[in-house]
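A.B. asks: Each chain sits in its own coordinate frame; assemble them with the hints.
If you read the sequences in order, they're chains A and B.
Numbers 1 to 346, taken from the working numbering, label the letters of the first sequence in order.
Numbers 1 to 321, taken from the working numbering, label the letters of the second sequence in order.
For the record, the hints were derived by calculation from the structure and aren't laboratory data.
Among the hints, erroneous ones may be present.
As the list claims (entries may be wrong) - Now the in silico label distances, taken between C-beta atoms and shown as ranges:
no., chain 1, residue 1, chain 2, residue 2, range
1, A, Val-55, B, Glu-295, 54 to 64 Å
2, B, Met-106, A, Val-55, 28 to 38 Å
3, A, Gly-146, B, Ala-197, 34 to 44 Å
4, A, Ala-295, B, Tyr-308, 25 to 35 Å
5, B, Met-106, A, Gln-42, 22 to 32 Å
6, A, Gln-118, B, Tyr-179, 17 to 27 Å
Backbone N, C-alpha and C define an ideal beta-carbon position, used for all residues, glycine too.
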Amino acid sequence: MTWDQGLHGAVVSLDAPAAGGVTRELTYLEAIRDGMRFMMRQDPAVVLMGEDIGVYGGAFKVTQGLIDEFGADRVIDTPMAELAMIYAAIGLSFQGIRPVVEMQFADFISTGFDAIVQFAATNHYRWGQPVPMTIRAPGAGGLRAGPFHSQSNEAWFVHTPGLKVVAPSTPADARGLLISAIRDPNPVIYYETKYLYRSLKGPVPDGDQAVPIGQAALRRTGEELALITYGAMVQECLNAAATLEREGHSVEVLDLRTLKPLDEAAILASARKTGKVLIVHEANRTCGVGSEVAALIAAGAFEYLDGPISRLAGPDTPVPYSPPLEDVHRPAAQAILRAARDLLAY
Amino acid sequence: MELTDNLLREAHYWMRLTRALDDRGTFLHKQSRIIGGFFSQIGHEAISVAAAMTLERDDVCAPMHRDLGAYLVRGMHPRRILAQFLGRATGVSGGRDANMHGMGDMSLGIIGFISHLPASIGVTAGVAQAFKLKGEPRVALAFFGDGGASQGLAHETLNWAAVFQLPVVFICENNQYAYSTPLTRQMRIEHIADRAAGYGMPGLVVDGNDFGAVYQATYEAVARARAGGGPTLIEGKTMRMRGHAIHDNMAYVPPELLATWSARDPLVRLELLLRERGLLTNTSLEELRTRIEHELDEAQAFAEASPYPEGSSVTERVYAQ
Ligand SMILES: Cc1ncc(C[n+]2csc(CCOP(=O)(O)OP(=O)(O)O)c2C)c(N)n1
Ligand SMILES: [Mg+2]
Numbered sequence: 001m002t003w004d005q006g007l008h009g010a011v012v013s014l015d016a017p018a019a020g021g022v023t024r025e026l027t028y029l030e031a032i033r034d035g036m037r038f039m040m041r042q043d044p045a046v047v048l049m050g051e052d053i054g055v056y057g058g059a060f061k062v063t064q065g066l067i068d069e070f071g072a073d074r075v076i077d078t079p080m081a082e083l084a085m086i087y088a089a090i091g092l093s094f095q096g097i098r099p100v101v102e103m104q105f106a107d108f109i110s111t112g113f114d115a116i117v118q119f120a121a122t123n124h125y126r127w128g129q130p131v132p133m134t135i136r137a138p139g140a141g142g143l144r145a146g147p148f149h150s151q152s153n154e155a156w157f158v159h160t161p162g163l164k165v166v167a168p169s170t171p172a173d174a175r176g177l178l179i180s181a182i183r184d185p186n187p188v189i190y191y192e193t194k195y196l197y198r199s200l201k202g203p204v205p206d207g208d209q210a211v212p213i214g215q216a217a218l219r220r221t222g223e224e225l226a227l228i229t230y231g232a233m234v235q236e237c238l239n240a241a242a243t244l245e246r247e248g249h250s251v252e253v254l255d256l257r258t259l260k261p262l263d264e265a266a267i268l269a270s271a272r273k274t275g276k277v278l279i280v281h282e283a284n285r286t287c288g289v290g291s292e293v294a295a296l297i298a299a300g301a302f303e304y305l306d307g308p309i310s311r312l313a314g315p316d317t318p319v320p321y322s323p324p325l326e327d328v329h330r331p332a333a334q335a336i337l338r339a340a341r342d343l344l345a346y
Numbered sequence: 001m002e003l004t005d006n007l008l009r010e011a012h013y014w015m016r017l018t019r020a021l022d023d024r025g026t027f028l029h030k031q032s033r034i035i036g037g038f039f040s041q042i043g044h045e046a047i048s049v050a051a052a053m054t055l056e057r058d059d060v061c062a063p064m065h066r067d068l069g070a071y072l073v074r075g076m077h078p079r080r081i082l083a084q085f086l087g088r089a090t091g092v093s094g095g096r097d098a099n100m101h102g103m104g105d106m107s108l109g110i111i112g113f114i115s116h117l118p119a120s121i122g123v124t125a126g127v128a129q130a131f132k133l134k135g136e137p138r139v140a141l142a143f144f145g146d147g148g149a150s151q152g153l154a155h156e157t158l159n160w161a162a163v164f165q166l167p168v169v170f171i172c173e174n175n176q177y178a179y180s181t182p183l184t185r186q187m188r189i190e191h192i193a194d195r196a197a198g199y200g201m202p203g204l205v206v207d208g209n210d211f212g213a214v215y216q217a218t219y220e221a222v223a224r225a226r227a228g229g230g231p232t233l234i235e236g237k238t239m240r241m242r243g244h245a246i247h248d249n250m251a252y253v254p255p256e257l258l259a260t261w262s263a264r265d266p267l268v269r270l271e272l273l274l275r276e277r278g279l280l281t282n283t284s285l286e287e288l289r290t291r292i293e294h295e296l297d298e299a300q301a302f303a304e305a306s307p308y309p310e311g312s313s314v315t316e317r318v319y320a321q
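This is chain B alone, in the form it adopts within the complex (with noise of 0.2 Å):
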């Protein structure tokens, strides 16, 4: 798969939006006008687009929290994300589900995520049975992280997908931390995607701030599981650039590992890739910030403007009609 010029372009518009929804968050956080909770995916801007791009339309994915990214380019305008965040009528849970959580919509293929990592793979590999029963040549893809895969529903999910051969791809972000937890006291093995094999299905090792890496990776991956071969296990080396979410400081991380994944700053090496290849000025690069923040900031307006839900409607959508 051949990594054109369009493609990563339309990458680079992806990836500063979510870089900048990202940021814009953490503002109104700052400002308390986001309450709760805010995690930010700085770091994982690469895998979460690049992943999600080599999907088609009518595919479904899973994105978790840390992946903006995979909202915006499957369709979710940033309007419904920052009303979701900032608890409006408007928001994509309608104010029912807090920050990242909740914000499935299937109309765009999108799995609203629940808390309890990494329920979201097991509901995706269902998805993807469906896609098998039914004949249709559709492909689900989901995303768990390096916590996630300690528990015991990834064993059974993974197992699961290979036992059926279902058309599903498992994207596993291994940010190195799972809130303060390293990864030495998560797992003794170096590489999560090594598991695949005890599953009897393909496992990958890409190098996840590698726009391109990833993308290819999953491309293939994507590719075999519509033509009938099966799921994959792509693991994608990253770091969690952020505390785990807003109010954690990460004292618990060593100032050289973040200094050692600065240096990989996956939007910084999709730039330079641009500016190699003739794509990317600073002034084009100045113009495309411009317009992203101004996107933002009528989607920022859009949500403020929205009215909260109605106290009294607190009990209403508990059951489907």
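Chain A extracted, bound-state conformation (with noise of 0.2 Å):
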């Protein structure tokens, strides 16, 4: 096994949803891959742009085989110069093409930052000129990788007028999540988990079952305490939910799916319905996703609360590689139940 197969001892298997439709199992991987051919099948203007992403079918595989049914026009490997490949995308979307640009991992990214936060994100409000572009970055930790392969750069861009990011935690809304990013007028920085890619399957609605950038998924309802996360946290956050259960606890787990714009009215529900809330994610801690939403319910939902909006993120460190230290860097199940219990308890 290497880091760009992933960690998949075990593969976690999501239920089938309730609603009708024609729905297929895939993993998260064959999840984002379906969304690209989706929309490339539908709208001729989708273009894809990255390193190796052709007859290679990129680091990770997510593009693989696209080439073969959309050819080197839509499905273009570049030179390794994301800076170039970020204004580049930015071009083709001032002609009417809709760019899906992937970064090899997210970490790469800060390389064409100039172009995301100066120009991409202020194009619109300084002269009126919508930037529609995907940027695919595959995040996060987990996989052994080290500190270049590994980081969860959101917040980088949650902070940035202008840009909307989406983080899906599961197959369907890696799909539809991908839809929606791919046909909005604004440029969306879409964070695929690499941990997730092969981990995690899960039942896909057919056809155009787009998700809605902005609207949290509550993965599951409970009254004494809301676990608000998003990304491979979301799993981590259900087994922990499901454990505490078994010792006599009701706890929710809100998945945010979208950093930028935040679901407020989800977050503050969770917080004034439970009245205790723990936000975990695997980013470093200061200036975070996770204290965005700390401040939110402080200011809407102070008067429900019965214990301290606690956090449970990354601390302020590169991600290292060794195991002993990378798994005290990523929060998991067992740093998650003592957070919750701590809570529990206050």
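C.D. replies: Structure (structure tokens):
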């Protein structure tokens, strides 16, 4: 097993949704690919761009096979130049093309930072020209990939007006949010979680099933405590919630899904209902998404709280490589349980 | 490509208008009517006007802060430009962006620039890539400076454009300085255009103060790009005849250097040529200048009569709907 295959000893399978319609069992990775394929079939303006995404199928094989169906003009292998790539994507978008740009790892997005935060993010505000562009950023850790292949750097972009940021946690959302991202007239940073690529499987509805940007999903309802989270931490929180239930506690899990704009109503509803909130993310803590969620709750649900708004996040360090180090860095069910029990006992 | 009488007369109008609008901006800034910064382009009239005049209506270009001439040639009305300088709602960016920044309008094929030089060359390459993907016989043209040439993006973009053989023309306006930094602190080579060889594209050095030289070189590059021959890098040698922006007295520029370039004023040179061809007299020059002043009076009146944007609209337009 290597980092590009992911850690997939045990594959988690999600239950089928109650709603009707045709669904398929797909891994998280297959769902992303299926989302791209769906949009490319539907809209000839959708074009993929990235390093090694063509014949090779991408470092993680997310785009595998797409070049066979859509050709090298729509699945474009580029030089190793993220800054030029994202600037070029902006230019493509000015001519009616819908570029979907793959970062080989979310970590390398910093190389294209100017193009995103200075040009793409401000353009509509400045001279009214939209920048419909999706950047796929394979992020987060747990794969023993070290400081430059494990980053959760979404907060950089959440802080930037003009961008949207999504972070799906299930195969169905991976597909549905990608469809929405590609259709959105604004630049969207799409954080996909490498850890889930092959370790998470689930039912994915077929056809035009967009998941709207800006809506959180309640993954589990409960009365005593809300775990508010996103990305790979959703599964960890669900595991923790199941354990706590066996201990007699009623815990809910809110999956943010979109990090910008945050679903403020869903966050406040969870906080008001349970009175206790634990925010969980892999990204390091200071000025992370959890900081904003905590501030929203402090301002909008203060009278409902029965305990301190709590956060469990990666410590403020680079993501370390060696297993004993990374295991402490990355919140997992055990750490979530400890923090949750403290808060429940408060 | 022949420099016809009509072409030269047209160029003369645009270059005179460019300089007059620049003077008008300087005047308004001195009167504190334009607040913030103001970038003069004096010395750049030939490059910006000539390069823009080689483009067709459906082509796209990305002017930077000293390419007022290109905006005008592409059809951006001085009214909108002065309203932009004055921060009015009728300005190109509706008061959102400052001075020359963000003056984009895709309906005129103009990409608005951001301060982060040379960002727009990257976007322009993308526009050219779209033309190529769609099989449209259109060309994109981008300007950048000798300072911008030192940025990593200049390398990435030139290489990118060459790898994909994009229909794009890069015009490097080598005006001897980047803010206070002289060329010797920017590079160890004499000609930026020499770098083109390293990317596998043609590179040309032209006299940037000679309208005809810029026009002919760019015309050929545009024709080659349109015919599928890929990108070209053209370096126009010129001189920034004012400070970096209006606050800068450019005490660091040796007076001899300015004197040398004063004698090469692009507008004076074009007018000399026009006179040689019998296309310009003192009277006709005076008529043209008067006509342009009237146009600018009208534009200024429009801009000054325009409202400021509502303060409460500050959060509008962050996102496209
Ligand atoms: C990336 C970046 N760094 C710094 C600046 C500040 N700055 C604005 S213009 C300029 C000099 C630009 O020189 P050049 O590219 O030669 O263009 P010129 O102004 O001479 O036309 C500098 C340093 C900037 N705009 N962008
Ligand atoms: Mg310069």
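A.B. asks: Cβ-Cβ distance between B/Met-106 and A/Gln-42: within 22 to 32 Å?
C.D. replies: 25 Å, holds
A.B. asks: Given the hint of 34 to 44 Å, is the C-beta distance from A/Gly-146 to B/Ala-197 inside that range or not?
C.D. replies: 39 Å, holds
A.B. asks: Is it true that B/Met-106 and A/Val-55 lie within 28 to 38 Å of each other by Cβ?
C.D. replies: Because 34 Å falls inside the window, the suggested range holds.
A.B. asks: Can you let me know if the beta-carbon spacing of A/Gln-118 and B/Tyr-179 is within 17 to 27 Å?
C.D. replies: 19 Å, holds
A.B. asks: Can you let me know if the beta-carbon spacing of A/Val-55 and B/Glu-295 is within 54 to 64 Å?
C.D. replies: At 57 Å between Cβs, range holds.
A.B. asks: Against the range 25 to 35 Å, how does the distance between the Cβ atoms of A/Ala-295 and B/Tyr-308 compare: consistent or not?
C.D. replies: Between A/Ala-295 and B/Tyr-308, where Cβ atoms are some 33 Å apart, the hint holds.
Taken one by one, the earlier hints all hold for this structure without exception.
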